[in-house]
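Asks: Quick mapping for you: the protein sequence lines, in order, are chains A and B.
Letter 67 of the first sequence, counting from 1, is numbered 67 in my numbering, and no numbers are missing.
Numbering-wise, my numbering comes out as the position in the second sequence, counting from 1, plus 1000.
Hints were generated in silico from the structure; no laboratory data involved.
Heads up, the beta-carbon is just placed ideally off N, CA and C, and yes, glycines get one too.
Treat each hint with caution, since some may be false.
Said to hold, decoys possible - Pair by pair, the computed Cβ-Cβ distance ranges are:
| no. | chain 1 | residue 1 | chain 2 | residue 2 | range |
| --- | --- | --- | --- | --- | --- |
| 1 | B | Pro1235 | A | Ala13 | 37 to 47 Å |
| 2 | B | Gly1237 | A | Leu117 | 39 to 49 Å |
| 3 | A | Met111 | B | Asp1177 | 50 to 60 Å |
| 4 | A | Ala63 | B | Glu1245 | 19 to 29 Å |
| 5 | B | Gln1287 | A | Pro27 | 18 to 28 Å |
| 6 | B | Asp1199 | A | Ile26 | 15 to 25 Å |
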Amino acid sequence: MPSRSLLLKLASAVIFFGAWEIAGRIPVSYAFPTFIESMEALGRMALDGTLVRAYAETLRPLAIGVAISALLGIAIGLWIGLTEWFDWLFSPIFVVMQAAPLAALIPLLVMVYGIGLTSKVFVVCIMAMPVIVLNTAGAVRNTPHSLKEMGRAFLGSRRDIILKIIIPSASPIIFSGLRLGISAGFIGAILAELKITPTGVGDIITFSRSIADYASMYSAIFSIIALAVIFLNLLEKLERTLFEGNVRGYASD
Amino acid sequence: MPLIVGLAGAASAEKIRIALAETPSDELAAFFVALERAKAKGLEYEWTAFSDEELAIQAVLSGQMDIGFGTPYAVMQRAKAPIRIIFQLSKLRFFPVTTKDYTRLEDLNGVPILLHSRGGGTDAIANVIEDRLGIKFGERSYVPGSANRVVALLSGQAVATIIDLANKNKLMREHGDKFNVLPMFDVDASDEALFANLDWIKANEKAVDIFVEALLSVWRDMNDDPTVIARETNPDGPIGQLPKEILDGLDDFYREAVEGGLYDRDGGGRKAARADLEWYSLAGQLQGDPSELKIEDFWYFEPLDRAIAKLGG
């Protein structure tokens, strides 16, 4: 017997894709394909290797950007959370980064870093890093005082208190920051490919739009969303493995 | 028939809504002069600038706009949208520009080239060059916007690209010692054209006639005397509000454009339609043998024919 949550997920998928199919059949616009047409296009692109080549291109800035954002973001976030002067120094940068209208700033990035990989990695990082840093810092700063005091009462070293109390206690918020940051990173990767130079999945989207092959266009968008969802689910699994008992309801399953 | 078209159709009877594919700039000055002339004949209009051609096409498709800017051949063929082109605004006049290392197109065999977008106009130009000269470019990279490709060229990120007339002239004026413009054959296909929903055109015949007639008269006057654009530009209109340097450059811009053959004095018509079908087939926008495609499936000639009949051939 499948679990209730799986059934609910399946039901919401059926409702969503059903609505898509109906909207495509009306059609709401000449430029809106049905769900089945889009899935056919997806299958075709998967079989002829277009998708594989596109993802080989798109995943590069995405993976580098997300890796930098996650590692550096959590490290900076911890530091900001632990030291007050560092908070004063660095928090404003990330608040500004988070609020910046990135699409409008892309020409500036291109001017400085050119049209290659570096600019695209930057776009991913600018999208992903602030929320990771700010969430981590906030979570660390808000570790219950009583827990830290208990650590000290048991003669724990500063290292013990950080590794055994602060990080586990902050883990749910750190992971929710990671989830938000990484999904923003996916958005950044596609934004970069649409706005800087069309490569990979961004190229499929712009090219199929320019030749009015809307089924391929929507299937490429669908594929990147699907990939993001799968990745975020894996991240939740990682969180549950690493910090069992500390999940506190953020990671649903 | 999409629902939105039906709903929007009723509201659009008075004012025609024009979807521009870019914000008003010197390139659009002639178009706005034509709008002023049409307004004097009683045409009511409003315009919205979209950030790119695809959005303008979508807005016309969905019925939120009446007349759009662009060359929506693929949309007409693949999505079977009932839209038709009525006037060719400008021809695809693009120029291969390279560093001093190359002097002829033949030299570009195997050389990487920077183009606008895959399947776009400059991509087609590159295909035709390869086809006619029997060469093969090296890797093609894509950077939308001639101005951005000039930046890439200047910063040494590219050695060869294809750019539009205005940017070519600017580049050669400022950095003519570093770059070559390679000689190229003429192209009659459209870069920008005006299109609209066929039902809407037929339902608003009078407004469309006024508009096309105004365009044709401006395009002809401009070919005879390019300074007419600067003289007739409304100082309170969107072009009149542009910075003084741009307004001062209007005469040069249009003189060079007219000399470069950018504007057809008869609004393109059947000749342009035929050239477009061949061109956009090569570009990969249209499928099938271009000689079997019917120009009537893509263009609606009546307003232009009536305007030519009225203004004389």
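Asks: Against this structure, judge whether each hint is valid.
Replies: Status of each hint after checking the structure:
1. The given range of 37 to 47 Å is broken by proline 1235/B and alanine 13/A, whose C-beta atoms sit roughly 58 Å from each other.
2. A hinted range of 39 to 49 Å holds for the C-beta pair glycine 1237/B and leucine 117/A, which are about 44 Å apart.
3. Between methionine 111/A and aspartate 1177/B the beta carbons are some 23 Å apart, a value that contradicts the proposed interval 50 to 60 Å.
4. Checked against the hint of 19 to 29 Å, the C-beta distance between alanine 63/A and glutamate 1245/B comes to roughly 45 Å, which is inconsistent with it.
5. Between glutamine 1287/B and proline 27/A the CB atoms are about 21 Å apart, so this pair conforms to the stated range of 18 to 28 Å.
6. For aspartate 1199/B and isoleucine 26/A, the Cβ-Cβ distance of about 18 Å falls inside the hinted range of 15 to 25 Å, so the restraint holds.
Checked against the numbered hints above, the structure violates hints 1, 3, 4; every other hint is satisfied.
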